[in-house]
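Q: Below are the chains, spelled out letter by letter.
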Amino acid sequence: MKHLTKTVLVASLCLAGFVGMIAASGKKVITIKGSDTMVILAQRWAEAYMAKHPDVSVQVTGGGSGVGLSALINGTTDIADASRPIKGSEIEKIKTRFNALSFETKAAKDGITLYLNETNPVSELSLSQIKAIYLGEVTNWKDVGGADAKIVLYGRENSSGTYVYFRDNVLGGKDYSSTMQSLPGTAAVVNAVAKDKVGIGYGGAAYAKGVKKVKVKKDANATAYEPTPETIKTGEYPITRYLYMYTRARPMGDVKDYIDWTLSDEGQAIVTQVGYFPVK
Amino acid sequence: MATQTDLIPRRLLQTKPRLRPLEFVAEKMLALVAFVSIFFIILILIFVFRESLPLVIGTASDDIGKVSIKRIFDAAWMPVSNHPQYGLLALIIGSLKVTLVSMCFAFPVAILAALFTSTFAPKWAKELMKPAIEILAGFPSVVIGFFALTVLASVFQNVFHLHYRLNAFTGGIALSLAVIPIIYTVAEDSINVLPKSMKEASFALGATKWETSLFVLLPAATPGVFAAFLLGLGRAFGETMIVLMATGNAALISPDIFEPVRTMSATIGAEMAEVVFGDAHYNMLFFIGVCLFVFSFSLNAVAELVVRQRLMKRFRGSV
Numbered sequence: 001m002k003h004l005t006k007t008v009l010v011a012s013l014c015l016a017g018f019v020g021m022i023a024a025s026g027k028k029v030i031t032i033k034g035s036d037t038m039v040i041l042a043q044r045w046a047e048a049y050m051a052k053h054p055d056v057s058v059q060v061t062g063g064g065s066g067v068g069l070s071a072l073i074n075g076t077t078d079i080a081d082a083s084r085p086i087k088g089s090e091i092e093k094i095k096t097r098f099n100a101l102s103f104e105t106k107a108a109k110d111g112i113t114l115y116l117n118e119t120n121p122v123s124e125l126s127l128s129q130i131k132a133i134y135l136g137e138v139t140n141w142k143d144v145g146g147a148d149a150k151i152v153l154y155g156r157e158n159s160s161g162t163y164v165y166f167r168d169n170v171l172g173g174k175d176y177s178s179t180m181q182s183l184p185g186t187a188a189v190v191n192a193v194a195k196d197k198v199g200i201g202y203g204g205a206a207y208a209k210g211v212k213k214v215k216v217k218k219d220a221n222a223t224a225y226e227p228t229p230e231t232i233k234t235g236e237y238p239i240t241r242y243l244y245m246y247t248r249a250r251p252m253g254d255v256k257d258y259i260d261w262t263l264s265d266e267g268q269a270i271v272t273q274v275g276y277f278p279v280k
Numbered sequence: 281m282a283t284q285t286d287l288i289p290r291r292l293l294q295t296k297p298r299l300r301p302l303e304f305v306a307e308k309m310l311a312l313v314a315f316v317s318i319f320f321i322i323l324i325l326i327f328v329f330r331e332s333l334p335l336v337i338g339t340a341s342d343d344i345g346k347v348s349i350k351r352i353f354d355a356a357w358m359p360v361s362n363h364p365q366y367g368l369l370a371l372i373i374g375s376l377k378v379t380l381v382s383m384c385f386a387f388p389v390a391i392l393a394a395l396f397t398s399t400f401a402p403k404w405a406k407e408l409m410k411p412a413i414e415i416l417a418g419f420p421s422v423v424i425g426f427f428a429l430t431v432l433a434s435v436f437q438n439v440f441h442l443h444y445r446l447n448a449f450t451g452g453i454a455l456s457l458a459v460i461p462i463i464y465t466v467a468e469d470s471i472n473v474l475p476k477s478m479k480e481a482s483f484a485l486g487a488t489k490w491e492t493s494l495f496v497l498l499p500a501a502t503p504g505v506f507a508a509f510l511l512g513l514g515r516a517f518g519e520t521m522i523v524l525m526a527t528g529n530a531a532l533i534s535p536d537i538f539e540p541v542r543t544m545s546a547t548i549g550a551e552m553a554e555v556v557f558g559d560a561h562y563n564m565l566f567f568i569g570v571c572l573f574v575f576s577f578s579l580n581a582v583a584e585l586v587v588r589q590r591l592m593k594r595f596r597g598s599v
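The listed protein sequences derive, respectively, from chains A and B. Using the working numbering, read the first sequence as starting at 1 and increasing by one per residue. Using the working numbering, read the second sequence as starting at 281 and increasing by one per residue.
Source of the hints: derived by calculation from the structure; they are not laboratory data. There's no promise every hint is true.
[Claimed, not checked] With a Cα cut of at most 27 Å, we get these calculated BS3-like pairs of lysine-lysine:
no.: 1; chain 1: B; residue 1: Lys-346; chain 2: A; residue 2: Lys-95
no.: 2; chain 1: A; residue 1: Lys-209; chain 2: A; residue 2: Lys-150
no.: 3; chain 1: A; residue 1: Lys-109; chain 2: A; residue 2: Lys-174
no.: 4; chain 1: A; residue 1: Lys-109; chain 2: A; residue 2: Lys-87
no.: 5; chain 1: B; residue 1: Lys-346; chain 2: A; residue 2: Lys-174
no.: 6; chain 1: A; residue 1: Lys-131; chain 2: A; residue 2: Lys-197
no.: 7; chain 1: A; residue 1: Lys-218; chain 2: A; residue 2: Lys-197
no.: 8; chain 1: B; residue 1: Lys-350; chain 2: A; residue 2: Lys-174
no.: 9; chain 1: A; residue 1: Lys-131; chain 2: A; residue 2: Lys-217
no.: 10; chain 1: B; residue 1: Lys-346; chain 2: A; residue 2: Lys-87
no.: 11; chain 1: A; residue 1: Lys-52; chain 2: A; residue 2: Lys-256
no.: 12; chain 1: B; residue 1: Lys-346; chain 2: A; residue 2: Lys-93
Isolated chain B (complex conformation) (with noise of 0.2 Å):
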């Protein structure tokens, strides 16, 4: 009778594993690689943080005088001017109403395009849509920008009769083109993976199609999804070209969504070329990134905490 390590080869079974030259050399350069990347993060993590700083510990100063980093609270954001006011409320207002435009309209959109390519979709048509969403992912966000700039903006003026050709709204739909295939590809494949016999017991059970994807398989794949969520939101805060060319860039607070904004990424992509170096502006723009990485770095911790251990636990009983 075989036991089981006779089907083994007995070279495998060698206690001693051969010195392989060529596998540590690999092995090894591949460690490095991972330990630079983590080392250019932590390097420019420092950076950013470098170059606010004077904000913080009060030695900037712009034309005028001192510059604290109290000014954040300034009535407005008019950093080039005789008398400069470095207000953030406004494009913190901004930043938030073009991602709550862009997650409104992508979220639901990039689900339902999940649920349909993963159940109802005929083969054919999976394999078409599939990777002609996940194409758009990686179209350049300066196309989208442009295209939102000069179509989209009049198109929209035209439909809905807007005062403003330029403004959140416009931008955040724009924006939507960048965020759906990152949702979509997410979701799709957090429910692509769930087991095939909750399908299966659920058509069993007597549901129907539809039935089954909102109440079954949506569900099941709730942590994917979210996670899905998260980092479609932390694209639609980050994004900065689209926003730049399709919002009108006018700091405004305002709760219309009709009317331009001015979002924190953008200002720092359109003013950072121009600003004097060490002045309480460009001070002011790397707090802005700051606040910008705080933002994304909380996105990640929440989706690496909730999503991995409550979610996970609640919905598949394990890790």
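For reference, chain A alone in the conformation it holds in the complex (with noise of 0.2 Å):
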């Protein structure tokens, strides 16, 4: 009985450390999901956020572009990133729910670059071309100035929001090629053209290593540009996106406070070094 009494007073006490720890603590979180292709800038963000305001914690969940918007509607989230814009669904949706118009702010700018392999003696296409790659209508490299290889295409999985983005802007909203390998996320892509002679895949330009940027022209007489900060800035490398983040509403307290150190100089040099571009 004794021995009973003593682990009750054992665990009640253990009990109390733990709710007194927890209530201590006391922190405000903000809970952010969405677009893998924004994920390393969220948490570096988050980390640089939350070492000068050690009162908040930030959370950083990926998914996908989709995936964060479904959690906005379904208020599980605080922020969603999304690397395409909301569709008019999801406003009506969270109308519906939040009786709230959704808020958003564009937070970055990425350039989507086309990868090469680093022997594809090709260094430049025009949007034309690329979309004929992408469609299946050219199938061949020496189509496009290259050798005579069959040409092989890599791309995102259809959860992701460079995958609607790119149809919808570089494909003029038809279907990909049903040849187009999807593989699960724009390091994989990487890794797959980096290892394929005759690959070519689409994803965010701080992902390109071990793989040749190609020069994107707007049409066949233009000049072709690489994705640097300056031309896609100025829009002049003609596939450019923001990466935007939702809030339910017009953000307040410290969301509101968060979101406008993002687009602060501190946050957007952030941006940059993470090899996106700033919004400004």
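Dock chain one against chain two, each of which comes alone in its own frame, and use the hints as you go.
A: Printed below as a string of structure tokens:
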């Protein structure tokens, strides 16, 4: 009996201590969920912000733009990161569930880079050539100025914002060729192209390591531009997009402080470090 | 002269069993656990069927309009599109191709390995090989997939001069790494439980080791080997992570095993995270789940019926 009393006492003390610890930590929590393209950026932002504001905890999860916006609709995240603009149907759902107009913040700019194997002699492509390649109309590198070899297409899974953006803005809304191999994540695409002499892939500029970045021109007679901070900022590089942060309503309190900070010079400096481009 | 009953302590002969509360509780707990697991399986079943139901009763819809079950005969699998298509043919072909490649490779290798360890191998080799192969069964499939994606794919491309780095062949071989241990373990056990007299009789008639294992032991173990085959087939068909990483995931309709494929399980794995709840695409993924379930359920049913009822009787003379 004595033994039992002792056990109960110790257990309750532990419990009390645990509850006390949670209460004492009392941190303000901001949850961010969404785009895999933005996950590195969001983590760097979170680390830097938490270092400056020890009373705030920023929790970042990836999953894809659609996942983040679904979470925003379901009320399980404060901020949704997205590499594509929010859809009308998603705005509608937020409206009916929370009676709020969703709020969009353009957080950074990204140039979608076309990756080629480093041994590929092709170095520039026009938008219409890229379109023809990904629609499966051009299937041999010699048709776009390369060696006589069949083209192998790599792309992202259809859960990715990049997949949707590239389809709507480069392919004119038409469907990818069914021979495109969809890989989980931009890093996997880069890895595949780095190992495949006849491969082509697309994704964020920040991931292009060990592959050749294609210079892109608007049409056959235009100058070709490499995706660099300058050309993306000026819009000379033709395939650029914004990276967004969405909230259910106009941000307030801690969330507002955080979003304002990401748009400050300090926040935008991190954007450049990670390999994306500032909005201003 | 002592009768049989005299040898048994009187305590055990008491007709009324003593009430043992602990035993009673333990027994009921075990029964409860068993029923809870059945209960959960039924719940999962109901859930999967319910989520695919809108397709069957015709209430499913996407951004364009209503989607009926007939759409599974569309020409392609292109669910995220301005004109979505939900054709399952490419996915079914993909699953079949990868499963075929992996079984063609895994089944002979596993059966021969089982014969080797049960008949030919010296004791030390057997003690080394059996656990080693069984550890492979517990290998995380994502690790096998990663290995296939980075190493195996490049090796095969260079050796066989393949046009596509990631294809059904590479995925199938990687998959067989996960399937071999399952077939091996079950087949090895079924060869080992054969009566020793069988082997000895065969040797006594002058058969060599090789003849004994191939024409005596293997046929006698047929029910077990068949069960091993079905278990391996089920694993190969349902495995997700390895094929998701190593097959390229392009939904092509072609008989060529050196082209990329998208399997049914990998499609669920890749797309479920993103899909809008309640959308036709969501229902369709659950419908694929139902197909996978029906397949594995019929495999198990065949294993149960054929192996238990027919083969066992034929080969052993009893159930």
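Q: Hint by hint, work out which the structure violates, then give me just those numbers in ascending order.
A: none
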